[in-house]
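J.: For reference, the chains in residue letters:
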Amino acid sequence: MHIKFNTYLLAYALNALYRRGFKSFFTFLMLSFITFLMASILIIAHAIKYELSLTIDALPELTIQNLQAGRHQNISLEHLDTLLDIHGVQRAIPRVWGFYYFDNAGVNFSVMGIDTFDHQTKEHLETMVTAFDFEAFVATPSMVVGKGVQRILNENYYKDYFNFITTEGNFQKVSLAGVFDARTSLESNDMIFMPQEIVRNIFGMHPQEATDIVLRIANKDEIATIITKVKALYPSSRIITKEAMRVSYQSIFDYKSGIFLALFLVCLVTFLMIVYDRASGLSSEEKKEVGILKAVGWQINDILKEKFYEASIIAFSAFLCAIIAALFFVYTLQAPLLRDIFTGYSVLKPTFVLPFVVDIQMLSVIFFLSVPIYMAAVLIPSWKTATLDADEVMR
Amino acid sequence: MKTQSITFIALFLGLILTLSLQMFTLNQQFADHQSIKRTFVLFSGLPDLSIANEALFVRFRSYADTFSLFSNGPELLEYAPSTFTYHPAYTPNPSRIERAH
Amino acid sequence: MMLSPDVIAILVLDALFLLFGTFAFVLSLGIARHFDAHSFHERQYALEKKALLVATIIQYIFYLKLPLFLFFIFTSDTISNLITGAMCAAGVVNSVDFGLLLFAFKIINLYLFGFWLVLHTLDLKNETLPYTRAKFSLFVLFFFFLVAEIFCDFYFFNALNIDKIVSCCGTLFSATSTSSIRFIFELPHPILLSMFYGTFALHVMLFFRKDALGFLLVNLFFIPLSILALILFFGTYIYELPTHHCPFCFLQKEYHYVGYLIYITLFGGTFFGISASIMSLADQRKTYASFYRYSFYLTALFVAIVSAYPLLYFYRNGVWL
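Protein chains in written order, with our numbering: chain A, 1 to 395; chain B, 1 to 101; chain C, 1 to 321.
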């Protein structure tokens, strides 16, 4: 029940580990590496989840899509006034957006139409784009793009404009007005923003139609009632709430890292077998050591305690080293190789600048899956060593 | 004997210190990212990250419709509640929802 | 089925406990049947060695179960974000029929394993090893509790379903007629509080008198009484909301995780109290003053924390809830 920290025993354990040299170092290295791998994956998954939940607050409260036969269709702008009449709805904003497939590079750009008359547009663009000239942006057909889009356009020799091909086969020349700040790369990488009329022209959309309508609602307690009302007015609509998105994010990333962990367990068990095996096979020196210790008066419990110190030294140092290495790998090196598990196969990849988030919960998961498991692997071998008969091993 | 213990404890504390320093610097480094990211999302109004953008149902997964439920994105596996923005029906008595107590 | 990393970590450790527990159980059977400290038979030596292994395994399980229990509560709180209707761990736990049973098992097992270790220490201090047979017979019994808990754990995580709408703690712990624990709300506050503080006063008195049997009974009585008082009275002051009675919500961030402190002091205090009494009863020669002291300090801290909430509320607002 009472655990007292004994520095002499610690020194003895350190010496014992040192005497076994390579054997202890190998165990330490293996444990560190396995923990490092697990920690990296969990940190990446956690950071992506955090990024999503961080930005989710800024999203509109409700998104209304029009479904026809279960597929997404454009929504008519006639609904706008009806929606605005619902109590509690602050603003109803029609949006025009979609994908533009660029054949030469084989990538999809996400094209979003912006309302240039909205007083916030200018302010927002100026914070996110360096040296942005809003007047010039409005004067000629222009666009603001993400880093990835700029790179792809550059590769295809479009330095300061791009020719979109409209549905009628005409060219729509749009000049490049700015590039989004690299810090938003995870969100903005494949995005192109330009005035709504131009997007309508490129996509051949009717002026009285929009891709979807978003509702801004001030009081979040009213959301449920508003959903019921919208559903009653337009039974074919699909309404997406922030809350639903939050839940699906949580479950998808839990699932993703869960699948990884489930597979990872195989690796962990293999490691355990190796540790168990190595710890069970005692060399003659180790046997002699136990014999001498017993001869000078150590009890079984003392030897067990010493073994426990050895295991703790290895397990805790390996755990700490693994965490340090994983943070360096994910944030400083931007997780080479491992990030491909999480990103797509498209050539339009963002720089992997993840938000830094490490919390107690994740550290506990990594801890529980490394330190106790290693301790478990050496528990029985330690007992076997400690209970060797003194006379037998000294002979 | 004791000096070795002290050396080890010092090394161990050194590791903890390195970890805290690392966390501190990383935290500083990424602190200014948050507000600009939020501004961007407020501006675009679109969810999800551009880490996979092969198709609509991968890039804007949350907006994917019922037909794209089984999507083939890299971080998506065939797992209904996670690949599709799912919410229990809004009607008071949906048949598919199992109510507990 | 929830396949999140947290859940997997818990299940992996559960599997490990089950494996080691079964191993220890098989060994314990032999020890409980044949152990005889006076024998010089070869088997006796083997049994003594095995006894050490079992004790090591039990220590391993116990020292891991402590943080794991906190982690379990923390995980349940996280899952509550995912499940429609759940506000805190209470909703998640109650989404399965045996949820409260699982919680009870977890707490009881911590107490049992803790007592076992106390008995173990007591046993090793005495060169005649008087309690060895008793402690291994006890472990044979405790093992079934452990298995029950692990299976509950597994079925619990297996039965969690995102599609399901569960009751929020607001309805689970409410005075309305649908609540299953409605009857406890009929207890008037003055009676409850006088019982609570009366028991605490008795606790203090018996602490100074070092009366083992009385201390044991007081501590045993104090656990359910405190939980009742938390639900009925103190909780409402922590939330500053007269209708909210949940004993789980104050484990969350919004209340600065104060629940962890409250429950650790409550369970720690009663644990040391009960162990002190049992040890004193078993071994009349010593009084185990340190355990009495721990028990007293932790319990006093618990009472101070929970009392501070209503007092501060009254100080700030000038009225009671």
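For the record, the hints were derived by calculation from the structure and aren't laboratory data. Even for Gly, the Cβ is constructed at its ideal location relative to N, Cα and C. A hint or two may mislead.
Pulled a few chain C residues facing chain A out of the computed Cβ check, cut under 7 Å [unchecked claim]:
1) P5
2) L16
3) L18
4) L53
5) L64
6) K65
7) F71
8) L82
9) D283
Cut-off 27 Å, straight-line C-alpha distance, at most; resulting in silico cross-link-like pairs (BS3-like, lysine-lysine) [as the list claims (entries may be wrong)]:
10) A:K173 to A:K229
11) C:K253 to A:K287
12) C:K125 to A:K294
13) A:K287 to C:K65
14) C:K253 to A:K384
15) C:K253 to A:K122
16) A:K349 to B:K2
17) C:K65 to A:K305
18) A:K49 to C:K50
19) A:K287 to A:K305
J.: Is the Cα-Cα distance between K287 of chain A and K305 of chain A 27 Å or less?
T.: holds, 17 Å
J.: Does L16 of chain C meet its interface restraint, that is, does its C-beta lie within less than 7 Å of any C-beta in chain A?
T.: holds, 5 Å
J.: Using 7 Å as the Cβ threshold, decide whether K65 of chain C counts as touching chain A.
T.: Since the shortest Cβ distance to chain A is 10 Å, the answer is violated.
J.: Identify whether the interface hint at L64 of chain C stands, where standing means a beta carbon of chain A within less than 7 Å of its own.
T.: holds, 5 Å
J.: Can you verify the interface hint for D283 of chain C: is its Cβ closer than 7 Å to any Cβ in chain A?
T.: Constraint on D283 of chain C not satisfied, violated at 14 Å.
J.: Min Cβ distance, L18 of chain C to chain A: is it shorter than 7 Å?
T.: The hint is violated - L18 of chain C has no Cβ within 7 Å of chain A, the shortest such distance being about 12 Å.
J.: Assess, step by step, whether the Cα of K253 of chain C is no farther than 27 Å from the Cα of K287 of chain A, and give holds or violated.
T.: violated, 52 Å
J.: Mind checking the alpha carbons of K349 of chain A and K2 of chain B for me, to see if they're no more than 27 Å apart?
T.: At roughly 54 Å apart (the allowed maximum being 27 Å), K2 of chain B and K349 of chain A break the hint.
J.: Against the 27 Å threshold, does the CA-CA distance of K65 of chain C and K305 of chain A hold or violate the hint?
T.: holds, 20 Å
J.: Would you check the hint for K173 of chain A and K229 of chain A, treating anything up to 27 Å between C-alpha atoms as holding?
T.: Outside the cut-off at roughly 43 Å; violated.
J.: Given F71 of chain C as an interface hint, is the shortest Cβ-Cβ distance to chain A below 7 Å?
T.: Nearest chain A Cβ about 5 Å off; hint holds.
J.: Let's test the interface hint: is any C-beta of chain A closer than 7 Å to that of P5 of chain C?
T.: Result: holds, 5 Å to nearest chain A Cβ.
Violated hints for the displayed structure, listed by number in ascending order: 3, 6, 9, 10, 11, 13, 14, 15, 16 and 18.
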